[in-house]
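From just these sequences and the hints, can you work out the full model?
With this note's numbering applied, the sequence shown corresponds to residues 709 to 893, in that order.
Among the hints, a few may not be true.
[As the list claims (entries may be wrong)] Below 30 Å or equal to it, Euclidean Cα-Cα: the simulated DSBU-like pairs (lysine-lysine) are:
| id | residue 1 | residue 2 |
| --- | --- | --- |
| 1 | K720 | K848 |
| 2 | K878 | K739 |
| 3 | K852 | K715 |
| 4 | K884 | K726 |
| 5 | K848 | K819 |
| 6 | K852 | K739 |
| 7 | K726 | K715 |
| 8 | K739 | K715 |
| 9 | K853 | K726 |
| 10 | K878 | K867 |
| 11 | K852 | K870 |
| 12 | K715 | K819 |
| 13 | K870 | K823 |
| 14 | K867 | K853 |
| 15 | K867 | K884 |
| 16 | K720 | K853 |
| 17 | K878 | K819 |
| 18 | K823 | K884 |
| 19 | K715 | K867 |
| 20 | K715 | K878 |
| 21 | K739 | K726 |
| 22 | K870 | K739 |
| 23 | K823 | K739 |
| 24 | K720 | K884 |
FYI, nobody ran anything at the bench for these hints, they're computed from the structure.
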Amino acid sequence: MTATLLKETQDKMDSTLKVLDSQLSGLRTGKASPALVENITVTYYGAPTRMRELGNISTPEPRLIVITPYDPTVISEIERSILGANIGVTPVNDGRVVRVPVPELSEERRKEMVKVAGRMAEEARVSIRNVRREANDTAKAMQKKGEISEDDRDQALEKIQKATDAAIAKVDAAVKTKESEIMSV
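As structure tokens, then:
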């Protein structure tokens, strides 16, 4: 019974870490990365669609992202969505592809990005702690109902805490790596 609880708790914490990784990959570091634009939503025939589903996204140069849409009629919508995403880049449309030059980040903008990364990490930590709280409550309820013994409950609480500590350490490591990536010129 507690093994199922521990597995569910670990899965929820892992999914929080995946969300954080995807959020951090979307942060601009000064060099071109498809992750910068791939999750931007574009209105395609009235439906919100992710950029990565509308075309090929490549980085032929360190400071350039090229988006080649499968359907050339969506180019102006892609351009509008990139501008609307407010990620600090201006797309250039040549009729066939959208080029997104990625400018150098100023020192001030770098520090701003580090703060954004810090906020994302704090949200992930709070989410992980909420998962821990839910799992602890479930373990205590199981013990009250007589489904598990006090010793099993205590072992489960200890394992949940270890999983929480490990997940928060991964969050800290991920944000530290991203911060050093952002601050390197």
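The hints, checked one at a time:
no., hint, result
1, K720 with K848, "holds (19 Å)"
2, K878 with K739, "holds (24 Å)"
3, K852 with K715, "holds (21 Å)"
4, K884 with K726, "holds (16 Å)"
5, K848 with K819, "violated (43 Å)"
6, K852 with K739, "violated (55 Å)"
7, K726 with K715, "holds (16 Å)"
8, K739 with K715, "violated (38 Å)"
9, K853 with K726, "violated (34 Å)"
10, K878 with K867, "holds (17 Å)"
11, K852 with K870, "holds (23 Å)"
12, K715 with K819, "violated (38 Å)"
13, K870 with K823, "holds (28 Å)"
14, K867 with K853, "holds (20 Å)"
15, K867 with K884, "holds (26 Å)"
16, K720 with K853, "holds (24 Å)"
17, K878 with K819, "holds (22 Å)"
18, K823 with K884, "holds (12 Å)"
19, K715 with K867, "holds (11 Å)"
20, K715 with K878, "holds (18 Å)"
21, K739 with K726, "holds (22 Å)"
22, K870 with K739, "violated (36 Å)"
23, K823 with K739, "holds (18 Å)"
24, K720 with K884, "holds (22 Å)"
Going through the hint list in order, the structure does not satisfy hints 5, 6, 8, 9, 12, 22.
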